[in-house]
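*Asks:* In order, the protein sequences belong to chains A and B.
Residue numbering for the first sequence follows the numbering used here, beginning at 1 and increasing consecutively.
Residue numbering for the second sequence follows the numbering used here, beginning at 1001 and increasing consecutively.
Note that these hints are calculated values from the structure, not bench results.
Quantities reported herein were computed from a predicted structural model and do not represent experimental measurements.
Virtual Cβ for every residue (Gly too), placed ideally from N, Cα, C.
Check the hints yourself; a few may be wrong.
[Stated by the list, open to error] Only pairs whose alpha carbons sit at most 30 Å apart, straight line, appear in this in silico DSSO-like list of lysine-lysine:
1) B:Lys-1148 to A:Lys-496
2) A:Lys-918 to B:Lys-1075
3) A:Lys-54 to A:Lys-148
[Claimed, not checked] Chain B regions said to be covered by chain A (calculated; three or more residues, Cβ under 8 Å):
4) 1071 to 1077
5) 1108 to 1118
6) 1122 to 1133
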Amino acid sequence: MTLTYAWKLVTRNPRRTFTYLFGLALAVGLFSGILFFVDVTARQMTATAIAPVKIDIIAHGTKPDVNIADAAPTIANDRGVSAAEPVYAADFTSAVKLNGGHPSPAGRMFAIQPSYFQTFDVLQISEGTFDASGALISEAMAIAQNIKVGDSIQLAFGGVNNPVSLPVTGIINMDNADALFATATEAENAIVSDVVIVDQSWFRVNLLQPLTAVALDPNAIVIPGFIPLDPQIHIRINRDLLPGDPTLAAIHAESLRRGVERLFPGQLKSSDNLSGAFKAAKADVLSAKILFIFLGLPGVALAAYLSKFAAELFAESQRREISILRTRGATPAQITGIVAVTSVFLAIGGSALGLFFGILTLFASAGTQITSNLNPFGPNFDWNVFANSAAIAFAAGLVLTFLAAFLPTFGALRREITQERRTIRRVEAEPFWKRSYLDFILIGVAIISLYITQLNGGFKPSGNEGTAITLSVYIFLTPFFAWTGLTLLVLRLVEKGLAASSNQIGSFFRHLLGEIGEVAGKSLARRASRISAAVTIIALTLSFGVSLALFQKTYANEKQLDSQYIVGADIRFTPALNTPQGAGFATQLQHPGVVSVTGVARDPVALVGSEKNTVYGIDVASFRKTAYLPDSFFVDGNAQQTIDAMTNRSTKYAAGSAKQVLDALANTPDGVIISVEQAEKYNIRLGDPVLLRIYNRSTNQYTDVQTQAVGLFVYFPTSAQDSDFIINRDFMIKSSGYTAMNYFLIKTDGNPQTIANLTSNFTAQYKNVMPVRIQNIDTVVKTESSSLTSLNLSGLGAMERLYTIVVVSMGLAIFLLAMINERQREFGAMRALGANLNHLRRFLFTEALAIGGLSLVIGAGVGVLLARLLVLLLGVIFTIPAQTLSWPGLELLSLALFVVAGMVISVAIISRRLSTLKIVEALREL
Amino acid sequence: MSDSISAIAREEETVLQTTNLRREYQMGRESILALGGLDISIQRGQFVAIMGPSGSGKSTLLNLLGGLDQPTEGKVILDGHDLSEYSEEELATIRREEMGFIFQRHDLFPVLTARENIEFPMLLNDVSIEDRRARSEQLLNLVGLADKADALPEELSGGQQQRIGIARALANEATILLADEPTGNLDSLTSEEIIGSLIEVKRARNLTLIMVTHDSEVAARADRILQLKDGQLLSS
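Here chain A stands alone, though its shape is the one from the complex (with noise of 0.2 Å):
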């Protein structure tokens, strides 16, 4: 019976069922959404953070006479590899072209089969062919040396009485192979330019066994960093088997390299380079998955906050229900019983139709590309983590429904069972937060939070741009605390601000819409608690898309600081330690577009007391005009406030301008400029001598600098942590003997295009003359790809700008629908009294234009501030904090337009119900 009464409760009420069912669907939409959406992310995250991974597994012989040959097949057939190559790689001490050039050098040579250049996308043959009798040379050795195909080259090794002679057969290039380089012992990969590759059958015949005699020998000279030879297995695993989620991911590579080991106990040691990046991966994954959320979930809490109140739209109807019920008989525990029934109906029907709003909004958003991961058809569909969500955003629909739906109702009837009354007005008590003053404790709260993290030194940058950044979970109690504190408070004050303004807001609608307009605003502002809600709802939800705008604008364009930091300019242009160039290469540098160009000297192996540093050598006057400084990169050394901050740790410096701080270095030969963070180590301030210990490559010695200190930065252009030293480049050049640069700084006219079109030009002009490597925004961007700073916050941003305006718009329609339907009465005596439904329209009007105006303007300013605050929270992903907003102005506008549109389209569906309004029906209305 209760089964059936409840199902005839749902399907009988086609309409309130529809309004609840919708509220809930969208709270759960929203919700199930963005979990998707991380779930997504997650996998994309992970996959991008393993794509530049060009080996998976390195095996390294612990001896250099272990059977790699013999290995590689029974490591390829076990469980979850699909690939293993052995390859031999062996130092050469000097490579000479046959018939003249000079001795190169050293290098290394790789021994491989000829299904190594299929199974490994690691090497590419640029000219030439792979010929078992012959070699491959790497690009660089080919310019460096003018060797062509068809050149013969002779290579001798250490401890190997005879050299060998090769015909070469191509030229390969080696941009890729960055992990060949990886050996047992060095974690960090020793690039070598001079490469030569040749055929395993052949290696083996001719220096197999004269490498092993020498790299065995216990009395040969060992020079460090030289390999004689290192048997190693290159394996390939099969990534579809990977987990998307990164930490399950590492825990399978990770088996995967002990499978490798326990197949040949002593012989093998592996290091994985997967690790590195599902590390990476997990630590972004995390962050990204706490963002999200944090970004989202406000939005979902009003979508939940909406269904309630359309649970409460149909609260009196359905007490009249009840106490039909209760008149025919029905015991408290039948009628408790059929609510429960009802709700749990609607309850499955909101959650499953939620879920459906949930993919539909991610594929409408996100776009094909971020949801090919989302069809179930597709194959890297993964049910697991699907469900997992599916199942997460399902109970929180039931939970909703419990809070919103059942609570409630059955607290109504609880009280109306004991008191035996029925209550024609809604009678609201002063709420708890009010009276305890929950707002202001919140915001006390959020205060202290904030003080802390910083004292904490939660918003330091960690300074590694494109690795992972650890964000503290108590980075977001700030913000939580506030928006908290916030919503209640603006609660509090809109709620204030119209009771004592019912004579002003009055005038004003009186102005704007005639007499009648005066009566609906006193009307309004009499009626201020229910308004205040209303527009506490909307303003919020609206504060959540500007505030999300503008952190993803602002997010977008610290991505382009960021890489325009890393970059330096607009393109850095890096010649190989092979083929130096003098500063005066920049002229060749000067095509159509550039504006100017500037070298950069750099020395990495300086000394300040005994420790290494990188001390970079600039010509001011071309450096200012082209590299990418802004003032905020620079602090006042000689400020009070600056010497206060460096004392005390803290990073309150006083600040200072480009112009200043490179005035002082130009006017100073021997001066240097520090970043803050070393000045602090060494205890040095400005005016202070200090002394380098710079490499001079023309007597191979260390020679004492004195400098002097003249200025301080926090960030120096070109990023890498170690610009730590910058002096005058041609003291530099005087101090090192050297006059090559380290790279070459070029700006553009800033246009997207110039800069692409220079790029490319740079590289087809160089590819056959001398490598070099050309980065400029959009490189970096790309590459950077596995970090924090480079996820795509559009997709979420999207989602919730639609969302935006569908709560928006649903919640004003709610809120006047509900409007109506509470005063169908007073309208009723409105009409009998003579009101047209014009003047009625009026009332509706003045009430939709208030909530309407005023969620604008409140929503605006908390959206905002809310921005600010994540901005300042989460600035500490990128390498130089935001200082100000990033205004989106066309999103905003269209954004308002939207907002606009949706509450016109609201008013003008509801005002239709006015029109269908009986007098005598409503009259009779308890």
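Following the hints, complete the assembly by docking chain B onto the known chain A.
*Replies:* Then chain B, alone, in the frame of chain A:
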């Protein structure tokens, strides 16, 4: 002489008339008859009491006479014009200008003060603010609540609220007052006061007063009683 004749003629003039007035309500598939073909004539200045047991069609008749509801069949003729010929908006204008309604639960607007409630119908009629203020003062004095002008309805007693309701019904100088059990929720002393006030106003302004009531003492003071049962007129 001619003046008194014309006054008598005016008094005998039929202000409201119904012919074969029928009202049915649809309850699911069932049709419920509320009024079954009434023919009534009400003269200007008459005090007509409508009586009958619950569900006899009293309020339905009042609503039809006031143009708040549409008959299923038949006509309501006001000053010679069939109400069914008017649109909803024209009916609203007629109610605003010709009629005053007094409800059982007074139905004052809870967010407006006593004065604002009285001024509301004048405001709908575009009466200037000065005139509204003057007339509301006058009406507040008439119902003896001048000192409660700025009170909200919830600050007034039931009787006071009903008197404000009467003042509101008179705001636009209506010629017909329609009252649906105006004393239904009041104690006998207050009821007596309210009815006294109403009859006094009716006489002073020569209004037509049509009142639904259960109270036979109130009905006894009427010029005419319409007795209804099951939607049929028993006596008039």
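*Asks:* Work down the list of hints and note, for each, if the structure agrees.
*Replies:* Now the hints, each set against the structure:
Simply put, Lys-1148 (chain B) and Lys-496 (chain A) have alpha-carbon atoms about 25 Å apart, close enough for the 30 Å limit, and the pair holds. Among the hinted pairs, Lys-918 (chain A) with Lys-1075 (chain B) is consistent with the structure: their alpha-carbon atoms are about 20 Å apart, no more than 30 Å. Among the hinted pairs, Lys-54 (chain A) with Lys-148 (chain A) is consistent with the structure: their alpha-carbon atoms are about 28 Å apart, no more than 30 Å. As drawn, the segment 1071 to 1077 of chain B meets chain A at 0 residues by the rule of a beta-carbon pair under 8 Å; below three, the given contact is violated.
Counting residues of the segment 1108 to 1118 of chain B whose beta carbon lies closer than 8 Å to any beta carbon of chain A gives 5, which reaches the threshold of three, so the coverage claim holds. Note: the segment 1122 to 1133 of chain B has 5 residues with beta-carbon separation from chain A under 8 Å; the three-residue rule is met and the coverage holds.
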